[in-house]
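Asker: Sequence:
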Amino acid sequence: MAEDIEEIRKRKLLELQRKYLEQQRAREEEARQQALIEAQIQAILRKILTPEARERLARVKLVRPELARQVELILVQLYQTGQIREPLTDAQLKRILAQIEARTRREFRIKW
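Quick note: the sequence shown, position 8, residue 64 per the working numbering, numbers continuous.
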């Protein structure tokens with residue numbers, strides 16, 4: 057009887073270890089996929105943005121990461137559909153940022 061309980065414990069422990077390793081592998085694979093996607097996005101952005109525009113986008117990313125991510129994805133889509141043929145300048149990026157900011161801005165009104 058004591059041997060059976062010990063055997064069950066060992067099996068349960070092995071099963072938990074196996075599940076943990078599977079979850080760990082899945083997380084690592086997901087992280088690799090995310091890193092690959094991010095590298096592809098950055099490569100495209102290097103192609104379609106001037107150095108000044110890339111610097112601006114990097115600064116925006118520090119302050120408003122969600123806005124910067126949204127702009128990055130929009131720019132990648134535009135590039136992939138052939139709508140961006142030459143590198144965007146800083147001024148053009150500023151206009152794009154302003155347009156997206158205007159669409160996503162939330163206004164808060166406090167009533168007394």
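Hints may contain errors.
Claimed, not checked - Pairs of lysine-lysine, DSS-like flavour, derived with a Cα cap of 30 Å: (1) K150 with K103; (2) K150 with K117; (3) K117 with K103.
Stated by the list, open to error - Pair ranges (Cβ atoms, derived): (4) L70 with Q155: 50 to 58 Å; (5) R115 with L92: 24 to 32 Å; (6) Q139 with I93: 14 to 22 Å; (7) A147 with A95: 22 to 30 Å; (8) A87 with R115: 24 to 32 Å.
Hints are computed from structural coordinates only; laboratory data are not their basis.
Even for Gly, the Cβ is constructed at its ideal location relative to N, Cα and C.
Asker: Hints first: check each against the structure and report whether it holds.
Answerer: Here's how the hints hold up against the structure:
Straight-line distance between C-alpha atoms of K150 and K103 comes to about 18 Å, which keeps the hinted pair within the 30 Å bound. Annotation: proposed proximity of K150 to K117 holds, straight-line Cα distance about 13 Å (limit 30 Å). With a CA separation close to 18 Å, the supplied pair K117 and K103 stays within the 30 Å bound. Against the hinted window of 50 to 58 Å, the Cβ-Cβ separation of L70 and Q155 comes to about 57 Å, which satisfies the hint.
Taken as a hint, the range 24 to 32 Å holds for the pair R115 and L92, whose Cβ atoms sit roughly 25 Å apart. With their beta carbons about 21 Å apart, Q139 and I93 fall inside the hinted range of 14 to 22 Å. For A147 paired with A95, a C-beta distance near 28 Å keeps the hint of 22 to 30 Å intact. Between A87 and R115 the C-beta distance comes to about 26 Å, which sits within the given range of 24 to 32 Å.
Violated hints: none; the structure is consistent with every hint.
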